[in-house]
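Listed here are the chains, written in short residue letters.
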Amino acid sequence: MLFEIFIFPGILYILLWTVVLYWFFRKFMASLHKRVGPSFNGPAGSYQTLFDLSKLLTKESITPKGVNPYLFSLMPLLATILAIIPTALIPWSPSVLVVPSEYGLLGLVVLIGIEPFLLFLTGFGSNNKYSFLGGIRILTQMISMETAFFLSALSPAILFGTLNLASIVEQSSWLSFFVLLPSFMLYFIALLGLLEQPPFNIPDAEQEIVYGFYTEYSGTNYFLLKVAEFSEFMAVFAGGVVLFLGGYKGLFFDNFICLFIKMLFIAIVMMVIRASTPRITMKQMLKFSWKYLVPLTLLNIVWIMLSKILFFGTIV
Amino acid sequence: MILNIAKKVFRVSKALFVKSPAQKDVRHTKMHESSRYRGQHTVDYETCIGCDSCNKICPTGAITMKHLPFKKKNIVPEVNLGVCIFCGLCEDVCPTKPHKSIVLSGGRYDMLTGGWHKDQEDFWVHVDIPQSYIDSRLEEEEAQRVKKELEKKKKELEKNQQEVSKV
Amino acid sequence: MDNLKSIFKPFDTKYVEDYKSSWIKVKLSYSTNLLDVAKLLYDNGLRSISTISATDFLEDNVMEINYFFEDLVNKKNCWLKCDVSRELEHCKIASICGIYKGALWNERETYSMFGVEFVGHPDLRPIIISQDFYDKFPFRKDFDWEEHEKNTVANINFISESFEKEEEENEKKLDVNSSEMILNWGPTHPSSGPIRLKVHCDGEDILGIDPDIGFVWRALEHLVTKKDFVGAIVAVERLCFMDNINSMVGYAQAVEEIAGVEITEFAKWMRVILGEVGRISSHFMGMGGFYNAMGLHTVAMWNMDIREFFLDFLESYSGARIATASVEAGGVRYGLAPEMLDELQKALDKFDATKDDIRSIFVKNPTMRSRASTIGILSKDDVYDYALCGVLARASGVKTDVRIDEPYGAYEHINMDYVTQDGGSSKDRLVQLFEEIEQSVDIIKQAKAHIEKKIEEGEFNPTKDYMVKVPKKLPKGEAISRVEWARGEVLMHLVTEEKAKSPYRLKMKAPSFNHTMMVDYLLKGQTLSDIPLVFGSLYVCQGDLDR
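Just so you know, the sequences run in chain order S, H and D. Every position in the first sequence, counted from 1, becomes a number in the numbering used here once 969 is added. Every position in the second sequence, counted from 1, becomes a number in the numbering used here once 1319 is added. Every position in the third sequence, counted from 1, becomes a number in the numbering used here once 409 is added.
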């Protein structure tokens, strides 16, 4: 049990994941931009993220005058803890599942959904006009995007008739992959909105509101917020792979490596979209989400129920 | 419209296969060679005639003249690299032949200094003149002065002789 | 031209004469006639006021004010001068803001620098200079700069105290319970550059913007008077050093006109090639800046990749990549060697290999279109009223280009036409930037082929023909010269005294100054996300905004 809390899939695994994913983002984005990313420290720059994160830990955490002390200093810690918890619910390999439960999917979705509210409180607590604007933007965006996220994440539950993540992975096959393909694409678009990635990176708009609610943070606080952000990535990516792409099942053998490679595939597609699409405004995002995305998810549920009758033979 | 966006996304990935100049490692190879590159100055004290043109044309006042203990051609330029903007006007205006006394083209491009205040005060191009050169120039001047005096004496002697022969 | 000259018959003038092919030069005897003359000129079609500049003549105890009126449709322009007294109590003249909307900031600048009071101006506050220069009028000939520099620390304290006082007044003025606030889109914002916009907004909706400029003020117009005519090129090229060559060409032409010197054909063609390379280099950065405001950095990186090859050409020609100092009065500063033209060819090939990708991914990007085709629309009337020029004017459909209207260098032998778009929105300005880059590449190919042909025939000698001698002391005179800079039209007005070794007064008209006047007009009623988009598409460089 201690091994699972601290090493895998625990705190060390999350730190390692942060370091590796950040390095991967930088190198891949750089080659899309026709340049090289970090290349001096270590072979192909792999030590660079480690150095950056440990530098953050040694810097001074400045607390500006006039902030609300509970909101400002307590929230990063709470946000990190809340973001790490979903990793206990996901089946990483045929033998590793820390908290097996009948309602795994529901717990995953709810925990991912609470996170943005804590981030709004961080923006509200800093004594800065720009952070406040960033906090309001994140609330507006999350309300629209989470509806689509819930509806598309619950479609495998309707198809397989269970909320248990381990049995969803057991029952997945090539047929269910093709049936669930439209809901996977909708899940992907909602994922971009949930994680504030382009084209929906409105709360984190560096050119408009100077980094949103992250503005006043430095040092250890900033490190904790970054770890929370990357744990959210991991939870959402792993959730997508487990629900739609078949989890740890591979072509020749079932192992954790297949899950990891599928998560990297989602990251690559996200990066290529990031390199070719500019940001859209708040009004356009609201119009897109409520006029097109949510009705499409409702239609998707109809398709799932229809295919369940046609291909799987039963309604239950 | 989604199809349009998807087409753009695919086309962007063409960049993964392009060789760009940013991939050169400039710690080991030079990015671009040019013979006219305006780098660090080199001052040749032997050809400099001390005309002070480079000091007068410098737009920022980076050149100071160093005085030497001679009678003629007694100043050479020294450059403060912290003030210089590397425009190259001093090299353009220098009149010496066959090559100029203050040269920037093709000079050193990696001029670095330490970060402390006292390092900034030492960020100059100084002219080190060996004592042997100073001695040889002083000897030359002395020889010229002696030659001139001898000639003057010879002329006076001739004039005296002419006056004597007239009388 | 003659019906333009007949306007001045009922007024008392000292002289009315032709100047170059499309200008008339008029000096009024009494400055009280200014408003009537301005109204008549406006009714005759000269609807744009390009710039206003004052010259301080200390010995004659008079201050001469120059007005430059332009007609962008019929290409007939008027240079108007009048005298006012130099003493501060009597240094007044009527303001033409009621007739010409574009004179708003130009009169403020003349007031801050020289102390001329414009009677009837709606909002006469100082601009560009910092708070410790208020009411001191630094460009007058009897201002003591060294005396002012002695108390630097006290000046800096004074500036920061006035900022804090302003913030307190803002807090008192606005209602504490409403959601209105004055946001400082300040000099340390990631996407604003060194300019401060005071945004009065209600939540995320904008109610008004007041730009506060002057963070890059180097007093270049005063610096030039302390150097001789050759050393002044390092001050003129720093107007904005992305495209440093065309501003040097403008200054060199003014000096050559006063000295009465004609340059060689080879030097004219070299100035064309260098000018177009500078324009391409600046437009690449402009495209990148527009997309950076929307969060997509790929365009800037791809453009820098191509720009490196053009900078390689500039480095092999002149020895520096960006601040080249390569154009002097009398020609160009260095001779040409054949390997340099090979480097130029490599740059042109690299651009031809990448331009289709850039056009199809970024110029025709659907997300950018949905965001930028309805914002920042400038109509043709706005272009005439505020004297906008360059990319902004041509993207709204106005056919104006100094290279075709008043050709300089070797542009009369080049085959080119106006490139315009209709609409005038931010998206049209981006498309205009890209098409101008393609036009410039075409011009370079024509010029390069011509130079190579003439070198083969033996008419150009690239190692000797590049410069003619200009005398060190110029006679008394004045001249204006216009060039097409990357961001618009630059007008240089040079005044020299008898046996002058350095300029007496050099006025550089900055196109970005007129363009920044539009920020308030374009952004009233939009949201905060639109500020970087519109500001980036106006193609403003803070270096030439403040000079």
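Do not take every clue at face value.
[Said to hold, decoys possible] Below 35 Å or equal to it, Euclidean Cα-Cα: the simulated DSBU-like pairs (lysine-lysine) are: (1) H/Lys1375 <-> S/Lys1028; (2) H/Lys1385 <-> D/Lys418; (3) S/Lys1252 <-> D/Lys882; (4) H/Lys1419 <-> D/Lys808; (5) D/Lys510 <-> H/Lys1419; (6) S/Lys996 <-> H/Lys1437; (7) D/Lys808 <-> D/Lys881; (8) H/Lys1349 <-> H/Lys1437; (9) H/Lys1467 <-> S/Lys996; (10) H/Lys1338 <-> D/Lys423; (11) H/Lys1437 <-> S/Lys1256; (12) D/Lys423 <-> H/Lys1349; (13) H/Lys1419 <-> D/Lys636; (14) D/Lys636 <-> D/Lys550; (15) D/Lys485 <-> S/Lys1252; (16) D/Lys789 <-> H/Lys1392; (17) H/Lys1390 <-> H/Lys1485; (18) D/Lys581 <-> D/Lys423; (19) D/Lys773 <-> D/Lys429; (20) D/Lys854 <-> H/Lys1327; (21) D/Lys429 <-> H/Lys1391; (22) D/Lys485 <-> D/Lys759; (23) D/Lys635 <-> H/Lys1343; (24) D/Lys854 <-> H/Lys1333; (25) D/Lys759 <-> S/Lys1252; (26) D/Lys933 <-> H/Lys1385; (27) D/Lys545 <-> H/Lys1338; (28) H/Lys1338 <-> D/Lys862; (29) D/Lys677 <-> H/Lys1375; (30) D/Lys759 <-> H/Lys1333; (31) S/Lys1218 <-> H/Lys1327; (32) D/Lys933 <-> S/Lys1098; (33) H/Lys1437 <-> D/Lys636.
These aren't lab readings, by the way, just hints derived from the structure by calculation.
Name the hints, by number, that the structure is in violation of. Numbers 1, 2, 3, 4, 5, 6, 7, 9, 10, 11, 12, 15, 16, 17, 18, 19, 21, 22, 23, 25, 26, 27, in rising order.
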